[in-house]
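Undergrad: With chain A held as given, fit chains B and C onto it using these hints.
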Amino acid sequence: MEFVNLQGIRLDGRRPKELRQLCAEIGVVSKADGSAAFEMGNTRVIAAVFGPRAVQNRSQKIANRALVRCEYSMAKFSTGDRVRRPKGDRRSMEISLVIRQTMEACIMTQLMPNSQIDICLQVLQADGGTRSACINAATLALADAGIPMCDIVVSCSAGYLNTTPLLDLNYIEDSGGGPDVTVGILAKMNKVTLLQMDNKLPFDTFEKVMQLAIDGCEAISKYIREVLLENTKQLEYRRGL
Amino acid sequence: MARTISDLFSKKTDIPFYISYIHKITPNQTLKQNNQSTLNPRRHRERDHREMRDLKDLQKSLNQTQRVRLQSALQQLQEIYSRASSSPAAAVSVSDCIHVNLEDGVLKGHGTTNRNDDVVATVCGIVERVNKLVYVRDLRARYKPEVGDIIVGRVIEVVSKRWRLEINYSHDAVLMLSSMNLPDGMQRRQTSTDELNMRSIFEENDVICAEVRGFNHHDGTLQLQARSQKYGKLERGQMLTVPSYLVKRRKQHFHNLEQYGVDMILGCNGFIWVGEHVEHGVDVPVETVKSSIENMSIEEQKPNNFTPLETRQGLCRIANAIRVLSTLGFALSVEAILKTVEWSISSNVEIKDMLLSEFCVQAAEIEVQRRILLTKRKN
Amino acid sequence: MSVELSFGEKNFIQGGIEQNLRADGRQRLDFRPMPIETGVIPQATGSARIRLGSTDVIVSVKAELGRPNSHHPGKGKVVIYVDCSSTVGPSFQGKKGEELSSELSTALQKCLLGGSGIDLSSLILVEGKLCWDLYIDGLILSSDGNLLDALGAAVKAALSNSLIPKVNILPDLAADEEPEVDIIDEEYTQIDTSSLPVIITLTKVGKQYIVDATLEEESQMSSAVSISLNRNGQICGLIKRGGAGLNPSVILDMISVAKHVSIRYIATLDSEISTAEASSAS
Chain A
1 MEFVNLQGIR
11 LDGRRPKELR
21 QLCAEIGVVS
31 KADGSAAFEM
41 GNTRVIAAVF
51 GPRAVQNRSQ
61 KIANRALVRC
71 EYSMAKFSTG
81 DRVRRPKGDR
91 RSMEISLVIR
101 QTMEACIMTQ
111 LMPNSQIDIC
121 LQVLQADGGT
131 RSACINAATL
141 ALADAGIPMC
151 DIVVSCSAGY
161 LNTTPLLDLN
171 YIEDSGGGPD
181 VTVGILAKMN
191 KVTLLQMDNK
201 LPFDTFEKVM
211 QLAIDGCEAI
221 SKYIREVLLE
231 NTKQLEYRRG
241 L
Chain B
1 MARTISDLFS
11 KKTDIPFYIS
21 YIHKITPNQT
31 LKQNNQSTLN
41 PRRHRERDHR
51 EMRDLKDLQK
61 SLNQTQRVRL
71 QSALQQLQEI
81 YSRASSSPAA
91 AVSVSDCIHV
101 NLEDGVLKGH
111 GTTNRNDDVV
121 ATVCGIVERV
131 NKLVYVRDLR
141 ARYKPEVGDI
151 IVGRVIEVVS
161 KRWRLEINYS
171 HDAVLMLSSM
181 NLPDGMQRRQ
191 TSTDELNMRS
201 IFEENDVICA
211 EVRGFNHHDG
221 TLQLQARSQK
231 YGKLERGQML
241 TVPSYLVKRR
251 KQHFHNLEQY
261 GVDMILGCNG
271 FIWVGEHVEH
281 GVDVPVETVK
291 SSIENMSIEE
301 QKPNNFTPLE
311 TRQGLCRIAN
321 AIRVLSTLGF
331 ALSVEAILKT
341 VEWSISSNVE
351 IKDMLLSEFC
361 VQAAEIEVQR
371 RILLTKRKN
Chain C
1 MSVELSFGEK
11 NFIQGGIEQN
21 LRADGRQRLD
31 FRPMPIETGV
41 IPQATGSARI
51 RLGSTDVIVS
61 VKAELGRPNS
71 HHPGKGKVVI
81 YVDCSSTVGP
91 SFQGKKGEEL
101 SSELSTALQK
111 CLLGGSGIDL
121 SSLILVEGKL
131 CWDLYIDGLI
141 LSSDGNLLDA
151 LGAAVKAALS
161 NSLIPKVNIL
171 PDLAADEEPE
181 VDIIDEEYTQ
191 IDTSSLPVII
201 TLTKVGKQYI
211 VDATLEEESQ
221 MSSAVSISLN
231 RNGQICGLIK
241 RGGAGLNPSV
251 ILDMISVAKH
261 VSIRYIATLD
271 SEISTAEASS
281 AS
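Residue numbers (UniProt numbering), protein chains in the order written: chain A, 1 to 241; chain B, 1 to 379; chain C, 1 to 282.
Source of the hints: derived by calculation from the structure; they are not laboratory data. Cβ atoms here follow ideal geometry from the backbone N, Cα and C, with glycine treated the same way. Errors might be hidden in some of the hints.
Calculated cross-link-like contacts (lysine-lysine; reagent style BS3-like; alpha-carbon spacing at most 25 Å) [what the hints assert, rightly or not]:
(1) C/Lys10 x A/Lys31
(2) A/Lys76 x C/Lys95
(3) A/Lys233 x B/Lys248
(4) A/Lys76 x C/Lys77
(5) C/Lys10 x B/Lys233
(6) B/Lys352 x C/Lys259
(7) B/Lys352 x C/Lys10
(8) A/Lys233 x B/Lys230
(9) B/Lys144 x A/Lys61
(10) A/Lys233 x B/Lys233
(11) C/Lys96 x A/Lys76
(12) A/Lys233 x B/Lys376
(13) A/Lys31 x C/Lys95
(14) A/Lys222 x B/Lys56
(15) B/Lys161 x A/Lys233
(16) A/Lys233 x B/Lys378
(17) B/Lys230 x C/Lys10
(18) A/Lys61 x C/Lys95
(19) A/Lys61 x B/Lys161
(20) C/Lys10 x C/Lys75
(21) A/Lys31 x B/Lys248
(22) C/Lys96 x A/Lys61
(23) B/Lys352 x A/Lys31
(24) A/Lys31 x B/Lys56
Chain B regions said to be covered by chain A (calculated; three or more residues, Cβ under 8 Å) [what the hints assert, rightly or not]:
(25) 90-101
(26) 134-146
(27) 195-209
(28) 227-236
In isolation and in its complexed conformation, chain A is listed as follows:
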């Protein structure tokens, strides 16, 4: 199947190094301490953060830092074909674990000992790149909740089809049989916290694809930063002096 035609246009009209449309909204779940909705093209994710609050399960209490829990779930109507996936299935558990480790790396947990932070992720529409969208949404929700973080975590995916590195794969390209590299970086500190890949790729091509994903992450981090700044300013104006 031709994913990139001769003029260099992909199936959805993008160029190989173009990101999908980004859209972020802060404050979608009124009962949560912090929440955000993030859209990358047709992939839509809601993140809600509850915490820091007192630990519910005394046995899990950690004396010198905060406990971070994460849950990822996909709505039944999120994928094209409606599949009844139970809540605790393997893929969701794996993604929950991965996202928890990524977010734990950036939250300054030692500032909040003996407390618990819950991150809840709900996928409303899945069109490739749900992992990345979830991490971006979780970053926004944590910043909205005022939880101290050492840096913003952003994530983006890239692949390699028809001998072209492609940025931000959608579902059709993802299932095209080519490799899929997901990268999560700490934006300002320029460090990689998440790196996953499936399928196989020769080493020098891998370097190109990973660099492409990192560049995509930088563009997303700029957008996220602007959204957060604007939100902060608006809250301050409305509150008044």
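TA: Quick look at chains B and C alone, frame taken from chain A:
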């Protein structure tokens, strides 16, 4: 490579446009239609204007004129703020560098951290500088307690010699039996009978007003005290939860609104109590009242045991005014609340209609007027 | 999922209900404002999102081709399922929301599919062989009481928003062959939802009944009866929840109160759905 991507990104429409507009994909634009450039980021998007927080839910129910009015009111607020404050709001986002003259020996406060000799923000907020202290005041974070704050909390557990309360904080707060006045008012030593009778003073799920005494150093829990007559159990009313940054620290947190017969306590932790007026200094024998009521079922209780209707109306009006102001994100002060309530009475708005979009827009406009008057008085 | 209240607060709520002035100023039979948004899930056949105070639910309808049940060869199939997202609260993470979701799913199935709410024979394409299966999925994002009513209203809105594609069935097939279909792009049929019932939950607190209870009021209930009524005032389903027993005369009284409320409620719901459709079409 980086240049290509950022170029493409910068060709997208202006930033405020991005944040305030949300792309709505209509049902016709499915994935199967490959040839349409619907996902081309450079296409101009038109959609309805949305805002943030619960304001979004409000905005969904506004029609066009109401939206325009609300937008202009918020715009005016922005102008008032920028005129009133001496320096523009230095908003920072996570991991932004804070400009600091390192030779001055700056103290780094909350919300900042060191990174390679740079002072960097760890939360989103406004940078505040007080002499040599630089810190970031974050907005929507959990309540930050200070000694002497008046808070409203709910009892979650009764343990030996203390009550554990939930306040809007990362830990629970503790009220020791020794920090409470004994029920008969006498100053005497606590006996074991007092310990066994703790539930007769406060039970689980009771709402209590107390003051912050200090922090417990080993695990960071908060210590409270309720030694004065004005603290203690709160009954006959309702408790509201608002974001704690909307309640500013003032000299007075207890307000007796005489014309409505209502007591209002603005807890610094974001829990607000609105209830029937109770005379302080009168030792109501708590035990007898409660036990007699509990023995009757609901149907047997006499109707005159409930709050009288006029007080209730005043109470509900004030509660709704607080809800409207917190939806709009305005700081809660007695003057703002009273102004909203007076406006609602003078324009004959029904109590339940105070939560509708029309009144919210009017409340925003009233608040703008009030703030303009305030700044004029200051100058 | 209940909220713990102190004795004084409980007294206040009960007093309010007795005096016909609830905590937010509503009267006993008043609903909260109900803004509806349709078309929120573009990949689905139809979808809607409804907010009732802080309660937030999304319902999506997906139409897929399937085989009719051998017992009812002339009818299509409808399956309703409700899920509780973990964003409702940290106590709903993991498997804990399952009890609530299964209770709501069965309640919705009973209330909406009893009676001739959805005309199942309109979903049939080839008798005995091919029909449309409608999968209705609900997702609760946030809860502030009265979930069943919100879900019922959202299902109605989502079905009004659904556009089922028209199909061409290729002729000349043998008796045991599978029919082939050709889906026509850009031509759709709408589902008729005028006879779909609405669900009204009456919560009994003390001696009085209230409509559209918030989470605090629900924690004070002695029992609740959910009645689904259609436009003609006929009962399509009835569920009683709660620990206290009810006098049969009380239930009959509640049904008549619900009938009285339903006229106004159906009118409000219809106007909200048409405003939502109009604004999403523009």
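Undergrad: Enumerate the violated hints, using their earlier numbering and listing them in ascending order.
TA: Hints 8, 10, 15, 20, 27, 28 not satisfied by this model.
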